[in-house]
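Sequences listed follow chains A and B, in order.
Using my numbering, read the first sequence as starting at 134 and increasing by one per residue.
Using my numbering, read the second sequence as starting at 3 and increasing by one per residue.
Some hints here could point you the wrong way.
Lysine to aspartate or glutamate pairs mimicking EDC-like chemistry, simulated, CA-CA at most 16 Å apart [said to hold, decoys possible]:
hint	chain 1	residue 1	chain 2	residue 2
1	B	138	B	384
2	A	504	A	244
3	B	138	A	315
4	A	430	A	528
5	A	447	A	437
6	B	171	B	380
7	A	504	A	236
8	B	371	B	38
9	A	273	B	256
10	A	273	B	120
11	A	504	A	180
12	B	138	A	344
13	A	273	B	125
14	A	373	A	357
15	B	389	B	378
16	B	138	A	336
17	B	105	B	288
18	B	205	A	532
19	A	273	A	244
20	B	171	A	461
21	B	138	B	120
22	B	105	B	87
23	B	171	A	532
Keep in mind the hints are simulated off the structure, nothing from the lab.
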Amino acid sequence: MAGKAERAAVTYSREIERLTASVRFGLGTNAADREAMGADPRGWLADQIETSIPVPSSAVPPSAGQEAETYYRLREYERSVSDGPDAENARLSSQQSLLRLRDILSEATLDTLSTAVETQHPFRERLIRFWSNHFSVQPKNWLAKIALPYFAGTAISPFVAAPFEEMLLSVCRHPAMQIYLDSGRSTGPNSKVGLKRGLGLNENLAREILELHTLGVGGGYSQEDVIELAAALTGWTSGKPKDEETAWRFIFQPARHEPGGATLLSKTYPDKGEATAEHILRDLARHPSTARHIATKLARHFIDDDPPESAVDKLERRWLETQGDLGEVSRTLVTLDEARASLFSKLKQPGDLVVSSLRALDMEMTPQLAKLAARHQAAMGQPLLRPPGPQGWYDTAQDWSDPGSLSRRVDWGVALAAQTSDSTNARAAMERNFGSLVDRDNRLAIERASTRQEAAAILIASPLFQRR
Amino acid sequence: MAKAQIGRRQFLALSCGTALASLAETKFAFAAEAPEGPALVIVNLRGGMDGLATVVPYGDPNYAGTRRGLALAAPGQDKGITDLDGFFGLHPALGFCGQCHAKGEMLAVIGAASPYRERSHFDAQDVLANGTAEPKGRSGWLNRALPFTNPGNGALAVGSLVPLLLRGKAPVSSWIPPVTEEPDENFLALMDRLYATDPLLGKVWQQSRDRNFRQTASGGRNENSFEQACGIAAEMMSGEAGPRVVSLELSGWDTHAGQGAENGRLARQFTVLDSGLERLAVGIGEERWRRTAVLVVSEFGRTVRMNGTGGTDHGTGGTALLLGGAVQGGRVVNDWRGLDDKNLYENRDLYPSIDLRSVFKAVLHDHMKVNRKALERDVFPDSQPAKPLPDLIRA
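Just need the whole structure built from these sequences, with the hints factored in.
This is how it looks when you write it as structure tokens:
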């Protein structure tokens, strides 16, 4: 009898490993995931961290001057304040540009969704989503809307296994972030341009770097530090949309750079032009407050709304040991016992629910299906590529367990099931995604459903499918 | 950041002898039982509503000259504005609002603005919602006020996930319109069973069933989605445990081009807004309407002069509307400085002469009974210069 109990325990712990890998750290389990992880779910997760993946076409910035037309037409349209023979022409051409802009954004939306559904590296995708949210960017104006679609692909994805400081630098140099938090226009008051045109600092990006991206609230910085960082960042900007050489790319403009160096967190940085801010950002990335802040955030996102102290400690320690090597920190993350102990404690955010449903049912992505999914996701309260602010999406169940939003989750299950085909196997999907952890009533409801579609709808709408 | 100067205000009283128009007969039966306590509805117009096209200063000598193609015909003329006080008039598409005004149940606040003085929609909307002078806060003033309103009052966001205005520590529900048809009752009954035992979602699911969160609007097929949302808000407010604080949203006010005058893009927006407000009033019934204040606000106003594409650009001073049986209306609250160039803000916008927080404070204190200490300390910190406007709410 003891042998039987032991075997049962082994079977159970293997199941927990599989679900932890593909539901907790992944994006729902599809048939390919199950096959790929085989008998080594932990190895499967670890291998995804370093994988190099070809950059998707959407991740490439517009080439020299591309989209310049779109942008300038739109600007002309907004700024034209005088009547005249050109007004009508400006209006007509701006309409085409507005349509083009809508295309850019809608393509990016569908790309983001399809990439996540089709990925063979769901854990890596989760990391990309986590860091994209850590460095949230909103499409707040026309420039930002053009720059946003290639933000995650160029500033985030290449760095998910790199030192955190490299990701931080790449984000701060990216036009999407510079436009969103106004740093591209920030000008040193004593710089050449500042003196000539009476321009000054914009503290927006500097404040968010300290408050959200690195040290965190209570991380030990002052308003003075915000100003010093803002001053150091002056000159960091991107080329104008029409500039052949530099459009949509980082440039340093010495004429906007505030001379005189900076003093931040009691350390003095001599003025080295562009490199001043780089030195500061590297120091911020390695600061102990940053390690604690991000370790807590990782643990809250992947483990529990109320993250176990022990898990935060381990992540923080690894961060400090490796100076924020994100590959190493991610490797530590997937081995944490705390992640297994609290399996299914997290409520999936709507975006992750949508992706995991499409994956669980092995749906083939079409533009129509992506559009339908994007609409449902918005109705659940999480429109794609539109985070509520620089702090990103909310990350606890309290923020998402709302009667209105829950109704729309269940609607989605029914709507998605209507798109399934005869080859959809909801029972297999249930086994892959719930294992034996689903309660009997729920299992029977899926097994005894009168049609394949009904079974799929129940699976996706089930309370357990809302969690990971 | 400069604070809006609240100078001497003129309260231009209404002189209007129009016969009182009664609200259309209510088609909902919910309104019969006695409603308890005051209710507050906030309608957030995203995109920047052109205040000068909403409540029109037709008495200003520079009106027609600056507005040019956007100028509306005077009261009494064909498709002319509805006179409010001999100086201001209401856009002709705002028929229901006009009726409210005539009954003393609507007032307009002219030159209203949040403390925000830049021109970004996002930042302006954040400032409007967080109740401070910076687009920084992570909670909304209305959420911070909730604990100080009558106990048991729920709050509800209709049409979107809880917006910043209602975000924060106090619990708030939301109703979002369904994308596709509702699942059938059998399916929902099965879900009742599956969710019943879920520790995290069981109660939330029950709420979604009890409080009609699943219900689509029961109105006609031709209803626009804002009207639907207003209908849903009214039904929920009419329920026994219904919310007493509701937020609604209507976007589409960013009229840079082809804004139109008595007809056109903006006029259509007004029709949508007006019919939604009427739907809300009719839906909650006369009894509850008497205890309700509806605050219609937008993140900023628009430029005074028409631009080169027949529209207006992002401005500063705007117009807020306050409607409802609880409102001491029939007036246009303003500190008018005129439309001549020298009186414009930055030579382009209507002067921001009234801090919107003065309106919010008055409504929260006089109507929702939020105490003054909480108003200054918790709801609108560092806003002492913005004194509550007197007499917006009936005693």
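Query raised in the report: What hints, given by number in increasing order, does this structure fail?
Result: Hint check: 11, 14, 19 and 20 fail, others pass.
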